[in-house]
Amino acid sequence: MADIKRKFYNTGDAKGFTKATFYNQVLALARGEEVEAAMAELVAQAAEYELEGIAARASTAGTGEKKDPLASDYAKALSAAIVPLVDGTPKTAKELIAAATAKGKLAPNGKEFAGPWVSRVLNATDGVVAVKKIVDTVDSKGLKAQREVTAYKKG
-9 MADIKRKFYN
1 TGDAKGFTKA
11 TFYNQVLALA
21 RGEEVEAAMA
31 ELVAQAAEYE
41 LEGIAARAST
51 AGTGEKKDPL
61 ASDYAKALSA
71 AIVPLVDGTP
81 KTAKELIAAA
91 TAKGKLAPNG
101 KEFAGPWVSR
111 VLNATDGVVA
121 VKKIVDTVDS
131 KGLKAQREVT
141 AYKKG
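Heads up: the sequence shown runs through residues -9 to 145, numbered per our numbering.
Don't read these hints as lab results, they were simulated from the structure.
There could be a bad hint or two in this list.
Unchecked claim - Derived pair list, reagent style DSS-like, types lysine-lysine, alpha-carbon separation capped at 27 Å:
#, residue 1, residue 2
1, 66, 56
2, 84, 143
3, 144, 93
4, 93, 66
5, 95, 143
6, 134, 84
Stated by the list, open to error - Restraint ranges, calculated between C-beta atoms of paired labels, are given here:
#, residue 1, residue 2, range
7, 136, 70, 31 to 37 Å
8, 77, 56, 29 to 35 Å
9, 101, 20, 54 to 60 Å
10, 110, 37, 44 to 50 Å
11, 125, 94, 24 to 30 Å
12, 59, 37, 36 to 42 Å
13, 78, 134, 23 to 29 Å
14, 78, 133, 29 to 35 Å
15, 10, 102, 52 to 58 Å
Ideal Cβ positions, reconstructed from N, Cα and C, are used throughout, including at glycine.
Hey, can you work out the whole structure from these sequences and the hints?
See below:
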């Protein structure tokens, strides 16, 4: 239904009939004023159009419940690929993604897993703890620096 664009106002037989005209005519009817038969028919069609729109929105609206991102296909695939790689040696998300990719484990979209998702899934996995690890990096100027990153291990 989302791919079908609904139109009624100011098109076809309703040319010149706008939403403002609709509401003005509804007010006139509510006040008991006389309305032309053709205009009353357009008001009835516009009301049906509005009610269809309300029904369509209600059928596609969410339930208000929050979805659990860890129940998604992506998170399940990531958990199946990454969790078995976690052992007693602290490994960063980047290292775990590289190891999973080397074993041919990719995300459902065919790309590498995303680092933030690794963190999200591993933080929710029992038996895996996050620790800080110092890694050596080289910046764009070729200078070496040490950086503290989060690593994961069985604990």
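Hints, one by one, checked against the model:
A C-alpha spacing of about 18 Å is found between residue 66 and residue 56, which places the hinted pair at or below 27 Å, so the restraint holds. The hinted pair formed by residue 84 and residue 143 meets the criterion: a straight-line CA distance of about 14 Å does not exceed 27 Å. Only pairs whose Cα atoms come within 27 Å are accepted, and residue 144 paired with residue 93 is accepted, the gap being roughly 20 Å. Proximity of residue 93 to residue 66 is assessed by CA-CA distance (about 17 Å); at most 27 Å being required, the pair is judged to hold.
A hinted pair counts as satisfied when its Cα atoms are at most 27 Å apart, and residue 95 with residue 143 qualifies at roughly 20 Å. For a cut-off of 27 Å, the pair hint linking residue 134 to residue 84 stands: about 19 Å separates their Cα positions. For residue 136 paired with residue 70, a C-beta distance near 33 Å keeps the hint of 31 to 37 Å intact. Checked against the hint of 29 to 35 Å, the C-beta distance between residue 77 and residue 56 comes to roughly 33 Å, which is consistent with it.
Taken as a hint, the range 54 to 60 Å holds for the pair residue 101 and residue 20, whose Cβ atoms sit roughly 58 Å apart. Range check, residue 110 to residue 37: about 47 Å between beta-carbon atoms, so the 44 to 50 Å window is met. The hinted window of 24 to 30 Å between residue 125 and residue 94 holds, with their beta carbons roughly 25 Å apart. Between residue 59 and residue 37 the Cβ separation comes to about 41 Å, which falls inside the hinted range of 36 to 42 Å.
Between residue 78 and residue 134 the beta carbons are some 28 Å apart, a value that agrees with the proposed interval 23 to 29 Å. The hinted window of 29 to 35 Å between residue 78 and residue 133 holds, with their beta carbons roughly 32 Å apart. The hinted range of 52 to 58 Å is satisfied by residue 10 and residue 102, whose Cβ atoms lie roughly 53 Å apart.
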